[in-house]
Amino acid sequence: MNESRLPVADGATVRKHTAMLLRANKRPLAGVVGLHTVAAVAGLAGPLLLGGLVDAVAEGTTSAYVNRVVLTLVAAVLVQTVLIRFAQRNAMIFGETVFADLREDFLATVTELPLSTVERSGTGDLVGRTTNDVDRIQHTVRFGVPRILVATVTITLTIVAAFFTAPLVAFAMLVGVPIFLVIGRWYLRRAAPAYQRESASYATLNGTITESVEGTRTVDALGLGGRRRERVRADLREAFAAESRTLNLRTVLIPGMDSAFVIAPIAVLLWGAFLISEGAVTIGAVTTVVLYSMQLIGPVWELIFWLDEAQVAATSLARLVGVGLVARDREAGDRTPAGEHTVATGVEYAYRPGHNVLHGIDLDLTVGERLAVVGPSGAGKSTLGRMLAGIHPPTGGSVKVGGVPLVELPLEDLRRHVALVTQEHHVFVGTIAENLRLADATADDATLLDALEAVDARAWVEALDAGLETEVGSGGYVLTPAQAQQVALARLVLLDPHTLILDEATSLLDPRAARHLERSLNAVLTGRTVVAIAHRLHTAHDADRVAVVDGGRITEIGSHDELVAAEGDYARLWHSWQQARQPFQVLHRCVPAASQVRLAHLSLQALSPGRAGGTPRAARRTEPQMSKKKWIVAAIAVVVVVLVVIGGTALYAKIQNDRAPEELALSTTEPADSTDGDDTGSTGDVEDLAGDWTVSDGSAAGYRVDEVLNGQDVTVVGRTTDVTGTVTVDGTEVTAADVEVDMATITTDSSNRDDQFLSILSTDEFPTATFSLTSPMDVSAITDGVAAVEGTGDLTIAGVTQSVTVSFEAQSTADGVEVSGTVPVAFSDYGIDAPDLGFVKVEDTGTVEMLLVLTR
Amino acid sequence: MLMIVRPLPLPDPGNPPLTSPLAFLLWQARQQGAVLTLSVTCGILTFLSQAITPYVLGQALDEGLEKGLGSTLLLWALVMLAAGVVQVVAGAFGHRFDVENWLRAAFSTSQLVGNKISRSGDAITKDLATGEVVATVATDAMRLGELYFNAARLIGSIVAYIGVAILMLVTSPSLGIVVVVGLPAVAAILGLLVKPLQSRQSAQREASGKLTTLGADTVSGLRILRGIGGEGAFTDRYRQQSQRVREAGVRVATTQSYLDALQVLLPGLFVALVLWMGAQQAVAGTITPGQLVTFYGYATFLTWPMQNLTQSIQITTRAFVAVRKIITVLEVTPAAGDSPATTPMPPHGVELRDTTTGVAISPGRITALVSAHPDTSAHIATRMGRFDDAAEAATPVHLGGVLLADLDKSELRRRVVVAEATPHLFSGVLRDELDVRDRATDEEILEALRVADAQDVLDSTPGGLDGELPEKGRSLSGGQRQRVALARALLTEAEHLILVEPTSAVDAHTEARIADRLVTARAGRSTLVVTASPLVLDRVDEVLVVRDGTVVATGTHRELLEGSGEEHDHYRTIVGRSLGEETPSAVRTPEEVAQ
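Protein sequences, first through last, are from chains H and P. All letters in the first sequence, in the order written, are residues 1 to 856 by the numbering used here. All letters in the second sequence, in the order written, are residues 1 to 595 by the numbering used here.
Zero decoy hints are in this set.
Only pairs whose alpha carbons sit at most 20 Å apart, straight line, appear in this in silico EDC-like list of lysine to aspartate or glutamate:
1. Lys67(P) to Glu59(H)
2. Lys67(P) to Glu278(H)
3. Lys210(P) to Glu471(H)
4. Lys325(P) to Glu214(H)
5. Lys210(P) to Asp133(H)
6. Lys67(P) to Asp55(H)
7. Lys210(P) to Glu434(H)
8. Lys210(P) to Asp135(H)
9. Lys472(P) to Asp459(P)
10. Lys126(P) to Glu331(P)
11. Lys126(P) to Glu214(H)
12. Lys210(P) to Glu469(H)
13. Lys16(H) to Asp101(H)
14. Lys472(P) to Glu230(H)
15. Lys472(P) to Glu214(H)
16. Lys210(P) to Asp236(P)
17. Lys210(P) to Asp105(H)
18. Lys472(P) to Asp125(H)
19. Lys210(P) to Asp101(H)
Source of the hints: derived by calculation from the structure; they are not laboratory data.
Let the hints inform the model, and build the full structure from the sequences given.
See the structure below:
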């Protein structure tokens with residue numbers, strides 16, 4: 001389903017986006033930085049004044065001087081307080097504003113995503129981006145960005161102030177900088193993935209717990225407790241591994257940074273003492289720088305912390321920005337459709353270039369008609385539906401309404417023309433009225449209630465305490481799936497498009513709910529052009545036209561009756577569906593098992609029902625007969641083969657001289673062209689075979705068919721003993737062989753057979769099949785009982801005549817000559833399609849076997 | 001060796017007392033007593049080594065700086081370095097122990113909750129919302145852990161504060177008293193401002209939570225929005241709520257900025273006061289300039305332990321609230337099987353019978369249960385699996401004559417499996433999620449998929465059996481999920497398998513296939529299928545029709561269909577919406593048929 005994953009932006013794009021975001025808020029940003037700079041300067045007064053005091057006290061001073069200094073400090077504190085008040089407020093508001101802009105832009109981008117992207121990639125990934133990713137960056141954007149600015153300003157100013165106070169001493173406070181740089185870099189490079197793994201591991205744990213709670217009933221019922229406990233343990237193990245990783249990183253970072261902070265004041269102290277002894281600086285200056293070096297601890301830690309967070313946030317930001325990279329899939333034109341007539345011409349579509357899912361579909365929707373689209377899954381039905389709804393631009397051909405391509409219509413206009421309804425339904429958070437007004441923002445309550453009335457939903461909505469104003473959706477009143485679907489249908493009533501595409505709109509529902517909903521649905525469909533993609537065929541039956549889509553093409557289109565009469569794929573689907581619905585009809589048609597049929601030699605494999613060329617009797621009220629007819633045809637084909645075999649066998653029997661010549665009083669001839677000479681053991685006289693032979697009692701014709709039923713191979717046999725006919729032998733040639741088989745008496749051994757199959761392909765009331773040899777068959781080549789002789793003849797079944805070739809062998813018995821033969825048959829040769837209904841399927845090719853007892 | 005944190009989770013989280021939050025917390029503290037002791041020791045060392053710095057600095061200034069770079073200064077520098085080394089080392093170890101404390105407590109609690117919900121059945125969801133239960137792991141366990149994490153900091157702060165107070169009182173009683181009393185006063189004033197801040201923060205969090213819900217909601221329904229319009233309304237709605245969050249944020253910012261300003265002002269004024277008093281005393285010669293620096297240093301240093309103390313109060317309060325919630329979850333008792341078994345399991349090959357209705361799964365037979373109300377039959381089938389001892393007391397179910405409630409529940413679950421109509425799929429590797437008993441070969445799994453006609457799932461799950469199924473099997477369609485759940489139920493190879501509406505979401509062709517394969521796969525094994533589908537009913541050994549709480553008819557599908565009489569009519573009404581119509585074209589709605 002995920003043919004198109006949503007893109008994730010690369011680093012450069014994320015940086016560009018961030019810069020854009022900051023630039024858009026340039027002014028507040030400058031204000032924040034300015035205020036914080038001044039506030040930080042005021043904050044530097046303390047150590048400076050203390051240093052001065054230390055010097056003054058050492059040199060001897062007055063309490064008036066102390067008062068002045070302390071008052072200065074108080075003034076500095078007051079200034080800093082006021083500045084901090086505004087700086088912090090502005091900084092936080094800046095963060096809030098930037099984050100609000102970011103999320104609003106993101107959601108606007110999401111709601112404007114191309115229809116085709118939304119339809120194809122689903123919403124799971126997007127929901128993740130809207131919730132998790134937005135959450136993950138919010139802390140960084142709201143607090144992190146301002147704090148990073150403040151920390152940077154403070155660190156810079158503190159260092160500047162230290163150099164300003166005593167440049168010589170200040171050098172010493174930088175002794176820790178190499179450690180910061182090395183450790184900080186080392187840590188920051190590793191931290192982001194490690195913390196991401198950590199938070200992912202907790203997300204997994206929470207997911208596991210959520211699943212256990214939501215599926216607690218299943219956990220109990222299937223005894224999954226042990227597995228769930230093990231899952232929690234595994235998640236905790238992973239969380240622990242992730243925690244250990246970050247802990248190890250911090251085990252380097254914390255002592256590393258701490259030691260830099262420890263070393264700096266000591267270095268300043270020692271270096272300062274040296275400088276004091278040199279008379280280069282005062283004790284006060286050294287004191288100030290020592291205190292500055294200690295004041296750096298806070299902002300440096302803060303900076304590291306936020307840089308860490310920012311890295312994690314950057315990956316989330318990349319996913320948010322990525323959504324904006326989806327290319328537009330349509331350009332609105334300015335043409336206005338003339339009318340409601342929708343026509344698809346040569347529509348092709350490929351999800352991947354070169355792999356067309358649709359191949360040149362032409363479809364002319366009559367205004368107001370109901371067209372059902374049926375076909376196997378994967379045939380391209382849903383893709384076609386999306387083309388007809390104007391969601392995807394086709395890769396070839398066009399879909400136009402009133403002469404204007406759907407994809408050139410602005411979306412708002414498109415929706416007034418055609419709407420796609422899928423099995424997905426969603427109740428939005430808000431009132432029922434709000435849910436409905438999505439389709440028509442200006443509708444008043446009366447209109448809304450009318451729409452609900454139309455879909456059978458007014459009663460239950462009005463029964464709710466707050467009626468239309470009932471809060472529904474996540475956290476609100478919980479609608480049943482059927483109610484949710486009704487709300488969705490009511491929206492369509494309000495939207496009022498002239499064409500609706502229903503893509504299995506009710507298939508996810510419980511069948512009982514689905515049936516109930518169909519009434520609601522019918523109300524919505526009235527007066528519109530409807531294309532219904534369905535697997536429930538009664539939808540198709542109700543339709544004005546039915547289109548069968550297979551392999552990306554429309555293979556059949558027409559009214560239900562026409563298609564049933566045409567006996568194509570649709571007819572078969574329809575029959576199987578009918579049968580599936582009517583088990584007791586199956587019952588009555590069940591043929592008792594024929595237990596003692598001699599089928600040793602009967603094996604007709606190629607059963608294939610299909611189009612008998614006969615009269616298309618098939619109105620839709622006679623489907624069972626239709627099925628039967630196919631079966632008959634198949635059986636006939638079998639029988640025909642049998643007959644052919646019979647004919648051949650008869651000939652064979654006549655010339656067979658090494659098996660049972662005496663008993664049959666036949667003398668087999670030495671074939672003139674025999675290459676085997678005496679070794680063949682032929683002793684009979686060809687003359688003895690001449691004359692007419694009759695097919696007598698004990699003969700049987702039948703078939704063995706391989707059926708595939710629900711994925712399992714089932715061999716089905718059918719036979720009849722009602723075989724009559726004659727075989728004429730002239731010299732070494734069989735000149736005529738006519739055999740009739742009464743197909744109606746074919747009995748099927750259904751002991752290992754599925755009744756449902758029987759009902760679809762039943763065997764009673766067959767017509768007679770006939771076989772006649774069309775060209776003389778030379779039997780002189782037969783010199784051995786196991787040799788094969790082939791003969792050609794015409795087989796006629798229900799008006800369809802086919803030329804068949806039979807091979808056979810024979811043996812003598814006490815009663816006469818038994819001839820058995822096998823004929824491979826392909827039903828398609830008879831213009832018959834082997835039925836393939838998915839769960840019931842007949843192989844196209846197989847063999848027919850027969851046994852004839854020939855007497856004079 | 002001390003650097004090595006003990007691997008978690010522990011094999012057994014233990015059995016905490018649920019009598020009171022305090023008892024629970026103390027029990028957990030005892031569980032990790034050793035680590036707690038170690039971390040508190042490190043905490044005390046860290047704080048003391050840091051507390052010593054201003055003192056040393058003052059001494060160094062007094063005795064060292066005046067004399068230049070001499071041996072005294074070097075000595076003080078060495079003392080500072082030593083304190084620094086202690087701080088670095090104790091800090092590093094301390095952090096590791098702190099984290100271990102956190103994880104031990106949090107993970108044990110998570111494990112306890114995880115174990116509880118794996119045994120509770122749906123008793124847990126009767127009293128508690130899913131979110132609340134998840135929050136005990138996602139939030140409450142973490143807050144509990146935080147308490148132990150913070151222990152070292154709290155005790156270290158107290159020790160440092162007391163130590164510094166004594167030192168200052170000895171050096172200068174008046175200054176000492178100002179510092180010792182003044183700082184808590186400052187902290188208290190700041191604490192007063194925290195309340196309004198917190199209420200504004202929680203207002204913003206609430207608004208923000210709504211916003212997230214709104215965003216998720218909009219995106220979840222995006223297909224519909226894009227299909228019928230209304231994006232504008234939703235973007236506006238989101239924008240409005242987003243602005244509400246921003247405004248709430250601005251209110252937070254206003255309060256927060258006052259707090260931030262006060263955090264500058266009060267300590268700033270306090271430091272100025274200390275500096276003024278100290279300087280006056282220094283001018284008077286009562287204290288040395290170095291001691292002045294020391295006092296200044298402590299005036300700033302002590303704000304840190306003070307902060308830790310106020311934070312600890314918050315952390316402790318939160319931990320108590322969290323433990324209460326955790327106890328609520330841990331107190332839940334399963335609805336079935338809470339008391340030990342009183343009767344041994346009956347032998348295999350016995351009948352499972354619902355005494356009230358007479359519905360019984362005969363050994364080795366595939367039975368279907370039908371009633372006019374699907375809920376009724378589902379209810380009967382469910383209680384045959386024993387899910388609520390109290391609720392099912394009035395409707396006893398017997399396995400081989402033994403009351404289910406008298407048996408060991410987990411033994412029973414191995415023998416009797418109920419697959420309900422809305423089963424839950426779990427995330428994980430498809431193979432494992434299908435083979436929940438961990439005993440099937442790949443061939444058997446594939447066979448079960450075939451029986452459930454769910455082979456298509458292998459294609460829609462990248463990687464096939466090795467592929468990952470997302471939460472709730474979201475990557476699958478509704479029908480696929482049902483078929484996967486059926487395959488999973490089949491793979492339990494339960495002696496008695498009860499399937500409730502196993503094919504309700506699949507089309508007729510698929511249903512026919514499944515029905516056929518199902519009866520083959522379960523042939524000779526006790527199976528009960530709740531269904532009204534003729535395609536399934538036609539294939540089972542026996543159909544039981546329940547009406548008004550009792551079995552009114554028994555027989556094969558055909559016998560029931562063909563027979564005459566009220567019960568047969570009733571059956572026909574249930575199973576066939578088009579039954580009784582001569583024309584097979586019946587495309588009437590069921591309502592019409594009912595009429």
